[in-house]
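Chemist: One-letter residues, chain by chain:
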Amino acid sequence: MTDEELMLAVCDGDQSAYQVIVHQHLNSISHYAFRVLGNQKDTEDITQETFLRLWINAAKWQSEKAKLSTWLHRITHNLCIDYLRKHGRIVTQESFDETKDDHKSNECDNEEITDKSNIKKLNEQIRNLPENQRSALMLCHYQNFSNKEAAHIMNISIKALESALARAKRTLRKAMAITDASKIGDTED
Amino acid sequence: MTFDKFSDLVDFYGADISVWPNGLREECSAFAIDNTAAKNLLNQERLLNEVLKSQQIPEFSGLLTKVLYQELPPQQQPFLDQVLGWLTPQQGSHLLWWRPALIGCLPLLFGVLVGNFYSFSIRAEVDELDYWEDELTLLSLNDYTENSY
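Those protein sequences? They're chains A and B, same order as listed. Plus 125 on top of the position in the first sequence (first one is 1) and you've got my numbering. Plus 7 on top of the position in the second sequence (first one is 1) and you've got my numbering.
Excised from the complex, chain A in its bound form (with noise of 0.2 angstroms):
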């Protein structure tokens, strides 16, 4: 079934169709939830509160506007934006942090990838970054949305978009380029 006859389906109360559609897009909801807000509490909440939300304004979807999964992850985003202006920056997850342990790689560049403290300071980088960088980062860089999709999700322009990720990144690599610097400082001394 398409997109359109789920939530056809789904605007005459069929709940089977909900649940056909729950099952397709709630790792992505989930994940970008989890990716803005940081912590699992409030991604689960959120998560919830976004398919409660397409149950109710299922009829609210135009299709030629924007894909089902567009819609979504812009319903997510804004209950995030929501949440975090209501309880301010709260990501506090230890989980956040972690790295794959079975993070391997031949390449020699990730010998620096697998140093963990350089890694962390890089999240909390992440996490110190503006809520529209961090999550114009997210959605193009994760859950794989195009700038024109992202910056839609975003209710902002594309140059706007295009800016934020621009901005987000040169404040990671600066982040990074400082870390290294310290590390050569550190083998020098």
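It should be emphasised that the hints constitute simulated quantities derived from the structure, not laboratory data. What you are looking at is a predicted structure, and each value in this text was computed from that prediction instead of being measured. Beta carbons: idealized from backbone N, C-alpha and C, even for Gly. Any given hint might turn out to be false.
The calculated lysine-lysine pairs, modelled on BS3-like cross-linking and capped at a C-alpha distance of 25 angstroms, are [as the list claims (entries may be wrong)]:
| id | chain 1 | residue 1 | chain 2 | residue 2 |
| --- | --- | --- | --- | --- |
| 1 | B | 12 | A | 273 |
| 2 | A | 246 | B | 46 |
| 3 | A | 299 | B | 12 |
| 4 | A | 284 | B | 12 |
| 5 | B | 73 | A | 166 |
| 6 | A | 185 | A | 273 |
| 7 | B | 60 | A | 246 |
| 8 | A | 299 | B | 60 |
| 9 | A | 190 | A | 284 |
| 10 | A | 299 | B | 46 |
| 11 | B | 60 | B | 46 |
| 12 | A | 273 | B | 60 |
| 13 | A | 245 | B | 60 |
| 14 | A | 166 | A | 246 |
| 15 | B | 60 | A | 166 |
| 16 | A | 246 | A | 299 |
| 17 | B | 12 | B | 46 |
Not close to chain A: a few residues of chain B, all C-beta gaps over 10 angstroms, as computed [what the hints assert, rightly or not]:
| id | residue |
| --- | --- |
| 18 | 33 |
| 19 | 95 |
| 20 | 111 |
| 21 | 140 |
| 22 | 143 |
| 23 | 149 |
Starting from the known structure of chain A, fit chain B onto it as the hints suggest.
Modeler: Leaving out everything else, chain B in the frame of chain A:
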């Protein structure tokens, strides 16, 4: 090619020059080989991508069940459907005939309101003004002086 322009391109297209647009690929590859800062920039971008990839998402066990079986409230209908639903109720429709009647009266109310506020360049003849002017003229002709003797 300048470093700033190269930096913008890295921001836009990522660290893998081989997937950049044809027109840029050759020039930028050559620039990245010759320029140390550009080379460092590409390395940093690659490292950043690896770090971003390495972020772990926890297992949300039980979330699927929670979302699937949460209590679903009534759905919100589009405005037109809400209006039509109100106009033609499913239950007790014999008592609710006044709803369509009320809607039918709306154009009439609208006409009254518009007519009350706008004259549409139609001038009503006002006889009262002439009447009062005549009245005042007649009053002015009377002699109201008191004859004291």
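Chemist: Does each hint hold? Answer for all of them.
Modeler: Now for the hints, and whether the structure bears them out:
no.: 1; hint: 12(B) to 273(A); in the structure: holds (22 angstroms)
no.: 2; hint: 246(A) to 46(B); in the structure: holds (23 angstroms)
no.: 3; hint: 299(A) to 12(B); in the structure: holds (17 angstroms)
no.: 4; hint: 284(A) to 12(B); in the structure: holds (16 angstroms)
no.: 5; hint: 73(B) to 166(A); in the structure: holds (13 angstroms)
no.: 6; hint: 185(A) to 273(A); in the structure: holds (21 angstroms)
no.: 7; hint: 60(B) to 246(A); in the structure: holds (15 angstroms)
no.: 8; hint: 299(A) to 60(B); in the structure: holds (19 angstroms)
no.: 9; hint: 190(A) to 284(A); in the structure: holds (19 angstroms)
no.: 10; hint: 299(A) to 46(B); in the structure: holds (15 angstroms)
no.: 11; hint: 60(B) to 46(B); in the structure: holds (21 angstroms)
no.: 12; hint: 273(A) to 60(B); in the structure: holds (22 angstroms)
no.: 13; hint: 245(A) to 60(B); in the structure: holds (13 angstroms)
no.: 14; hint: 166(A) to 246(A); in the structure: holds (24 angstroms)
no.: 15; hint: 60(B) to 166(A); in the structure: holds (23 angstroms)
no.: 16; hint: 246(A) to 299(A); in the structure: holds (12 angstroms)
no.: 17; hint: 12(B) to 46(B); in the structure: holds (14 angstroms)
no.: 18; hint: 33; in the structure: holds (24 angstroms)
no.: 19; hint: 95; in the structure: holds (18 angstroms)
no.: 20; hint: 111; in the structure: holds (28 angstroms)
no.: 21; hint: 140; in the structure: holds (65 angstroms)
no.: 22; hint: 143; in the structure: holds (68 angstroms)
no.: 23; hint: 149; in the structure: holds (78 angstroms)
No hint from the list above goes unmet by this structure.
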